[in-house]
Amino acid sequence: MSKFFARRKRYVSFFKLRFAMGLQYRTAALAGIMTQFVWGFMEISVFRAFHQSNSAAFPMGFEQLASYIWMQQAFLALFMTWFMENEIFDSIMDGNICYELCRPIDIYDMWFARSVANRTSRALLRCIPVLSAAFFLPQPYRMILPPDPLTFICFIAAMLLGMTVTVSLCMIIYMLSFFTVSPQGLRIIFAMTAELLQGIVIPIPFFPPRIQKIMELLPFASMENVPLRIYSGNISGMEAAKAMLLQAFWVIILTAAGKLICRSAMNKITVQGG
Amino acid sequence: MITMKNICKTYRTARRNAGFGEALRSFFHRDYDTVTALDNVSFTIEDGETVGYIGPNGAGKSTTIKILSGILTPDSGECTVDGRVPWKNRIEHVANIGVVFGQRSQLWWDVPVIDSFELLKDIYSIPPEVYRQNKDELTELLDLAEILRTPARQLSLGQRMRCELAASLLHSPNILFLDEPTIGLDAVSKIAVREFIVRLNRERKTTVILTTHDMQDIEAITKRIILIGKGKILLDGDISEISGSGDIDRTVAELYRAYEI
Amino acid sequence: MKSETQVKEHRVSALKLYLHYISIQIRSMMQYKKSFFMTMFGQFLTSFNAFIGIHFLFLRFHSIEDYSYSDVLLCVSIVLMDFSLAECIARGFDSFPKIVRQGGFDRIMTRPRNEILQVLGSHFELTRIGRMIQGAIVFIYGTTHAGIEWNFVRVLTVIFMLIGGTGVFCGIFLINAALCFFTLEGLEVINIFTDGAREYGAYPIDVYGKRMMRFCTFVIPYSLVQVYPLKFLTGRSDNILYALLPLAALLFLIPGYVFWRFGVRKYTSSGS
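Protein chains in written order, with the numbering used here: chain A, 832 to 1105; chain B, 74 to 334; chain C, 1037 to 1308.
Here chain A stands alone, though its shape is the one from the complex (with noise of 0.2 Å):
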């Protein structure tokens, strides 16, 4: 028990060290909110124009879209593919991570806590400010508040959960690239795969129902694609709880998947000694 608070105390101290040199950057976290800023904004403008033009073959609400995209920008760092840990990257291709090794902690673990620990920093320092923006925008740019305090809590759940479907894919990536004779263009493949398939450059509702529905069923969808569209109210009630159960699927399958990777990535390193 003491370990694991001892351990917590670290990942904690991580977390606000991430967190201060956040701050320290100040121009870069004002410009980083702007970009997201005027991002959401042209993004929205895009979809407005279309909505105009052929009103009838929108596939949500407009306002529901809005709030999915400002949602989408607050949270980017929680669930882009690109922000990957160069500093893992870079270990694993020129041999440090022998060090890392030495270590008397779990190696999946570790890098797990810290991605997260990464990405909760940087999310929070950048959604406040575009989410404030966001509600007091006129419309129809303007956010919406969730129907009622259970969707919120779904919300919330949600993010979570797609926040560590997010980790452990990446987590399986940093761990095959043990194995590719070119991580850089795995991490490549990856990343624009997953921007695809899990709706940052079109939400998926706006993908013919066919495909829509294949894709649904992936691990991309699983990231954003549902905390989003239950903020806004898009998928609710039963449907959201299956949502919500095929992320928890997702997490147990990509975590377990991970730390056999893991292992015998492991493996390979000491016996061919890195």
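Heads up, some of the hints might be wrong.
[Stated by the list, open to error] The calculated lysine-lysine pairs, modelled on BS3-like cross-linking and capped at a C-alpha distance of 27 Å, are:
#1 C:LYS1267 <-> C:LYS1246
#2 B:LYS78 <-> B:LYS296
#3 B:LYS161 <-> C:LYS1302
#4 C:LYS1246 <-> C:LYS1302
#5 C:LYS1070 <-> A:LYS1099
#6 A:LYS1099 <-> A:LYS1073
#7 A:LYS840 <-> A:LYS1099
#8 B:LYS278 <-> B:LYS296
#9 B:LYS263 <-> B:LYS296
#10 B:LYS305 <-> B:LYS78
#11 C:LYS1134 <-> C:LYS1052
#12 C:LYS1246 <-> B:LYS303
#13 C:LYS1267 <-> B:LYS305
#14 B:LYS78 <-> B:LYS278
#15 C:LYS1134 <-> B:LYS78
Bear in mind the hints are in silico, worked out from the structure with no lab data behind them. Computed from a predicted structure; not experimentally measured.
Fit chains B and C to the supplied structure of chain A, relying on the hints for placement.
Relative to the frame of chain A, chains B and C by itself:
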């Protein structure tokens, strides 16, 4: 001839404090420190002289070099190099000087050294016959024949420094600034670099200004030293008069102690 | 400033020097062939996703304002080619923060050449060819479906669009580089005008409303290289002025250059 007269230079730097609360505070408000890099610096260097410019880290050595090489404009004071004001007619000025930063390479990392030389030939508009002559001469003096076809990134530190020296001399500059040219070199390379600089000064009459922490460099290359500390010139004179026949490292250590720098 | 006698008779022209720089850059890149092809591939994929997004949106909505799928394809492909060309040429400005941080600008200042020429020569991003080819393919596909009647003036319009658009993007990269003299943080904000324009410039700017149109005409002249000539190209307007506007957009480089000079002066007085 190089003259510096009452040159002053200050910088303003943002203060960064440690700690979580401090970081939060500095998000909204930032303090600045003013650092005096040069305080009334004056000296004259004649054509063909070799000068060792010494002092502890942060004393103002590289600020001086930057002013002399046209990178920085001083706050006040006058400075001319062969009649030119370095920061006023930069392009004309730098065409006649050579600069070697020991810690930074001027060669293109991934191509053979000779390709870098060829590019420098175009950058400095060196006439073909001058280029050929200089290149051949430098190749021989610095023993580069075997490494010219090697990409810079594959060279050892010593080999690289020899190439750096050649690169900065291809356009026959009258003045050569050397910023810690022997840093990190092995004994053999150090000696080669020192001997080359001495020879360059003797045969081409190139003015050499050298900053270094290695007192053997000073002993081997220069007669005159200028000691700078906290932005002020503390000492300017003949090295043999200062150290007599004693150990130069010890002499310099004593000087640092005497001036409390 | 410079007296005639001091200029040496032998002077290598800026163009020759620039080409020499590029040849060094390409030779360097070829030392890392694997990385080169990987980056090129990645570049290809990034814009590929954007096309997929546009494809599915049009599958659902059929048109945006009064622009058809093929109109938008023309627009997005030209913007993409502009952007790739600008990145290819002016990548040195884009990686300028790194140059400054590592003291590379000191080296530039100790060489007897124009600083901008040296920065441009410091980086030549051939990997953007992946995107450029993709842009060209989509352009060809778009034109065959948009039913444009090609004539000399229209071909010229496309060329002007490419020149003007590349110029505008280069101008933004230049401003980005000049900003480095003042701060090394917060440069991310420039992405709004580069990546943002690439992503959202896919659609003719008038779909974003009047205010955006005004901004993109008078502040950063995206409209001049995008929607106006596009109207001429697709026969929506006969105004020949619309075909020439892309060249006027090149004036944007002037304030960029002034800002750069200002930045260089600041650098020489603070050294960082």
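Consistency of the hints with the structure:
no., hint, in the structure
1, C:LYS1267 <-> C:LYS1246, "16 Å, holds"
2, B:LYS78 <-> B:LYS296, "22 Å, holds"
3, B:LYS161 <-> C:LYS1302, "14 Å, holds"
4, C:LYS1246 <-> C:LYS1302, "38 Å, violated"
5, C:LYS1070 <-> A:LYS1099, "24 Å, holds"
6, A:LYS1099 <-> A:LYS1073, "39 Å, violated"
7, A:LYS840 <-> A:LYS1099, "32 Å, violated"
8, B:LYS278 <-> B:LYS296, "15 Å, holds"
9, B:LYS263 <-> B:LYS296, "18 Å, holds"
10, B:LYS305 <-> B:LYS78, "12 Å, holds"
11, C:LYS1134 <-> C:LYS1052, "26 Å, holds"
12, C:LYS1246 <-> B:LYS303, "60 Å, violated"
13, C:LYS1267 <-> B:LYS305, "67 Å, violated"
14, B:LYS78 <-> B:LYS278, "24 Å, holds"
15, C:LYS1134 <-> B:LYS78, "35 Å, violated"
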